[in-house]
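J.: As a plain string of letters, each chain reads:
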Amino acid sequence: MEHEITLVVNGDARRVRVPGRRLLSDCLRHDLGLTGTHVGCEHGVCGCCTVLLDGLPVRSCLTFAVTVDGHEITTVEGLAGPDGLSPVQRAFAECHGLQCGFCTPGFLCTVTALLRDNPAPTDDEVREGISGNLCRCTGYQNITKAVHRAAELLAEET
Amino acid sequence: MTTRLFGEPVQRREDPRLLTGQGRYLDDLGADALAVAFVRSPHAHARVRDIDVTAALDVEGLIAVYTWEDLPERVGRPLPLLIPHPALTHGRTAYPLAREIVRHVGEPVVMVVATDRYLAEDACALIEVDYEPLKPVVGLEEAAHGAQLVHEDVPGNVGAHLVQEVTSAAGLGAAEAVEAAPHRLSFRLDIERSASMPLEGRGVLARWDGSDLRVYSSTQTSTSVRMAIAAALGLPLPHVEVIAPDVGGGFGVKIVHPWPEEILVPWAAMLLGREVKWTEDRREHFVSSAHERGQVQHVTVGFDDEGRVLGLDVSILHDHGAYTPYGIIVPIITSTQLLGPYRIGAYRVEFSAIYTNTVQVTPYRGAGRPQGVFCMERTMDKIARYLGRDRTEVRAVNFIGPDEFPYDQKMTFQDGRPLIYDSGDYPEMLRMLKELIGWDDFRRAPGRGIGIGCYVEGTGVGPYEGGHVQVTSDGRVHVSTGLTSQGQGHETVFAQIAATELGVPIERVSVVTGDTRRFGYAVGTFASRAAVMSGNAIALACRKVRAKALRIAADALEADPADLEIADGLVRVLGAPSASIPLSTVAVLANPLRYAFDDEAARATQFAGAASPDRPPVAEGDEPGLEGRDYYSPIRSTFASGMHAAIVETDPDTAEIRVVRYAVVHDCGRLINPMIVEGQIHGGVAQGIGGALYERMVYDGHGQLLNASFMDFLMPYATEVPHVETAHLETPSPLNPLGIKGAGEAGVIPVSAVIASAIEDAEGIEIDRMPISPSELFELRH
Chain A
1 MEHEITLVVN GDARRVRVPG RRLLSDCLRH DLGLTGTHVG CEHGVCGCCT VLLDGLPVRS
61 CLTFAVTVDG HEITTVEGLA GPDGLSPVQR AFAECHGLQC GFCTPGFLCT VTALLRDNPA
121 PTDDEVREGI SGNLCRCTGY QNITKAVHRA AELLAEET
Chain B
1 MTTRLFGEPV QRREDPRLLT GQGRYLDDLG ADALAVAFVR SPHAHARVRD IDVTAALDVE
61 GLIAVYTWED LPERVGRPLP LLIPHPALTH GRTAYPLARE IVRHVGEPVV MVVATDRYLA
121 EDACALIEVD YEPLKPVVGL EEAAHGAQLV HEDVPGNVGA HLVQEVTSAA GLGAAEAVEA
181 APHRLSFRLD IERSASMPLE GRGVLARWDG SDLRVYSSTQ TSTSVRMAIA AALGLPLPHV
241 EVIAPDVGGG FGVKIVHPWP EEILVPWAAM LLGREVKWTE DRREHFVSSA HERGQVQHVT
301 VGFDDEGRVL GLDVSILHDH GAYTPYGIIV PIITSTQLLG PYRIGAYRVE FSAIYTNTVQ
361 VTPYRGAGRP QGVFCMERTM DKIARYLGRD RTEVRAVNFI GPDEFPYDQK MTFQDGRPLI
421 YDSGDYPEML RMLKELIGWD DFRRAPGRGI GIGCYVEGTG VGPYEGGHVQ VTSDGRVHVS
481 TGLTSQGQGH ETVFAQIAAT ELGVPIERVS VVTGDTRRFG YAVGTFASRA AVMSGNAIAL
541 ACRKVRAKAL RIAADALEAD PADLEIADGL VRVLGAPSAS IPLSTVAVLA NPLRYAFDDE
601 AARATQFAGA ASPDRPPVAE GDEPGLEGRD YYSPIRSTFA SGMHAAIVET DPDTAEIRVV
661 RYAVVHDCGR LINPMIVEGQ IHGGVAQGIG GALYERMVYD GHGQLLNASF MDFLMPYATE
721 VPHVETAHLE TPSPLNPLGI KGAGEAGVIP VSAVIASAIE DAEGIEIDRM PISPSELFEL
781 RH
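These protein sequence lines map, in sequence, to chains A and B.
Mind the numbering: the first sequence is residues 1 to 158 in our numbering, read in order.
Mind the numbering: the second sequence is residues 1 to 782 in our numbering, read in order.
No lab work stands behind these hints: they were computed from the structure.
Every residue gets a Cβ at the ideal spot worked out from N, C-alpha and C, and that includes glycine.
Keep in mind that the hints are not guaranteed to be accurate.
[Unchecked claim] If you want the footprint, here are the derived chain B segments under chain A, 3+ residues with CB under 8 Å:
1) 19–33
2) 192–199
3) 236–249
4) 481–489
5) 682–694
6) 721–734
Same shape as in the complex, but just chain A (with noise of 0.2 Å):
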């Protein structure tokens, strides 16, 4: 049986028909063309497939886009602003902090909310607040590294 749902997605009322048992990352990336969130596992490990849901992060692979009518969700195309990528973005890119780019949106995703919670967070910090999305090629040094920058970046910013 199909349900008509409304997803917010970056800001946009999108209806879409779904099967109770689509996963929002399937409805996302396949429903709605929005590929940038990534699925590496389909159980909920990997936190490729990340995203913010009502500004928490989210797996979206074990989500039911059913579950979710009317709620607003952030997705990686939606966290540019108008002048451009955010800190956030801004600093995996000057940091190295990603080299396939497989893994980088749920990341990008899991430290938005992580930035906005404590914006000026200590190395064990960013650690654990980043443990739970896997990345297979930086051995997460940068990506570190890319977490600090990004909360300087923001103390600029404010």
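Mind docking chain B on chain A? Use the hints.
T.: Just chain B now, kept in the frame of chain A:
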């Protein structure tokens, strides 16, 4: 603005699209494609008696169901054995879909095509396969025993057996040299399986338009996939194009080709006349792609009072899984790279490649080197322990000296060529490492130890790569090369090379990799070869373009080409900067035109007066356009090297192992982009930490992989990976024009050896098997 970009930490050109969700990975393409799912064997070893698809036929949205019997002869053949070797006397590869026998859990049996992946999986669940279970062959030594066979016609489960022996200067064989040595040790080492495990799995999308086939694959070699598809489907090569889009990591597993899906998906697309796509899920990746690392090694070493190795005899059992599509490259690399930076008196190594009813084994980053380095470095530590000497001293007395290059190890390397090291400085590297980690000042305590590991890595193996460089009339530079990218930053480093060689701003340079429409001749991305091979090929192609640009500009400026330079995209007369011509104009003049498509082009048309009426517009031997193509084909590999050290702490009660410091000294010749090289090292070390402390493939006696999920296969998170301190030594390679060596695999290679060395130091217990978990260390203590 400077155009000397070679050697600078230039920010990556790839990042803006990857940071904004604009990357295009395999599953991001083909929105309207039909979806494929597979029924895969739940048994490690079984005979397929019957396949009943009846129940699946009622699934709404089902398009097609295929078994091996549905495949045309050419498509249904066993997959190619990619790298034959005379020692691989019993090479075996799988059928694209199982024919009669399945030999590991996960082997594809039935292919289902439906309008959507959910529906395709619904149909798979309704297909009933009747299996007659056969006794599985699991466990390396059990398999080597040969009581049960993986392949009925492979006696003893031995796919290959290879012996290489180098006698000592005095003509002694290894056994004799060991026998004659003042001291001897014998021991056994075990290394577990792990896997590449890129976060993006494999995937294939195919589109057939009635005469041409376009295939997208998440592969490390688009050119070779193309040839394999053309051969299997009986298509003329020019009618097949293969493109590697953005690829979410490879680490070796995606160099294997053609995967069954790379043949079946294009075949189905042709048959159905629709776009067809298959995207691997994580469980499929665990049970149907490839693993690596599993070996048992028996070592005998003879040495003198200083720890100098006089004879080394190594016997290796190599777990090859169910098939050998990539030949015996992994155990060959283990056998040869085991020698590391050392001059060994006499060396004998033999390996047996053993079939088991498990996922096939093909290269994973490091490709046999981590096992070889584990063997040699454990050997060095055991010698030091036996003699009561410092571990670095024992290594130092065995080093090849900086004045001994080129150094011939007198073996045959993985490329079939002599194992001759081109350059390096191992004593200096050790000095740098000891300083970086503070080796001499380290205070040992119970539960606190320091470890070391050294390696040499043959990189940049042939046969060749090519580069094409075109300057268009807008002054932009278009670079293409055939090998593929999986996150290494090729678009950036190749642009740095082109910008430096041509004297143009990097912003004007764009790079395309892995697209057979742009460049059809290539080998692929593996063996830390991309920068060495394509980097040099692109540099050579740029030099052709530069020479042509100077020739044309010299005509236009009425100057001698030798008096010209190119900087910031302008060809200038040295010492007379006002006399210059933009490279864009040179590109216009390089292509004599009849038709003017814009104002710039008008300058090259036939009445514009630019060309001499006494010569043909395109001179004999010349070509229109400001472009060049060249290839780099090395005589042999170039040998990078590195040394790592770590300090670990172990918990006295829980045996938890914590890496407190990790230091790397690395030599990959001239650095193109230090930021990217360091990123490669960090990532390699992280994978090495995974292999040393966490990752293993847990097969039960039935051949079931018990930990086939990220929940149970423990890849390190940020909380498990130490901060990596790095230092670089640069001994340029004399073999290639840019003096570079590969860097991609380096970081992972010695990590297991280093961590074992450090834990052994902390605990006083010999560590002979990797990975090691806290519970295993706990048991070793008691």
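J.: Taking the hints in turn, state whether each one holds.
T.: Each hint, compared with the structure:
Remark: the region 19–33 of chain B is confirmed as covered by chain A, as 10 of its residues place a Cβ nearer than 8 Å to a Cβ of that chain, reaching the required three. Only when three residues or more bring their CB closer than 8 Å to a CB of chain A does the claim for the region 192–199 of chain B stand; here the count is 3, and the claim holds. Against chain A, the region 236–249 of chain B contributes 4 residues with a C-beta closer than 8 Å to a partner C-beta. That satisfies the three-residue criterion, and the hint holds. Only residues whose C-beta sits within less than 8 Å of a C-beta in chain A count toward coverage, and the region 481–489 of chain B has 4 of them, enough to reach three; the restraint holds.
Only residues whose C-beta sits within less than 8 Å of a C-beta in chain A count toward coverage, and the region 682–694 of chain B has 6 of them, enough to reach three; the restraint holds. With a threshold of 8 Å between beta carbons, the proposed coverage of the region 721–734 of chain B by chain A holds, since 3 of its residues qualify and at least three are required.
Every hint from the earlier list agrees with this structure, and none is contradicted.
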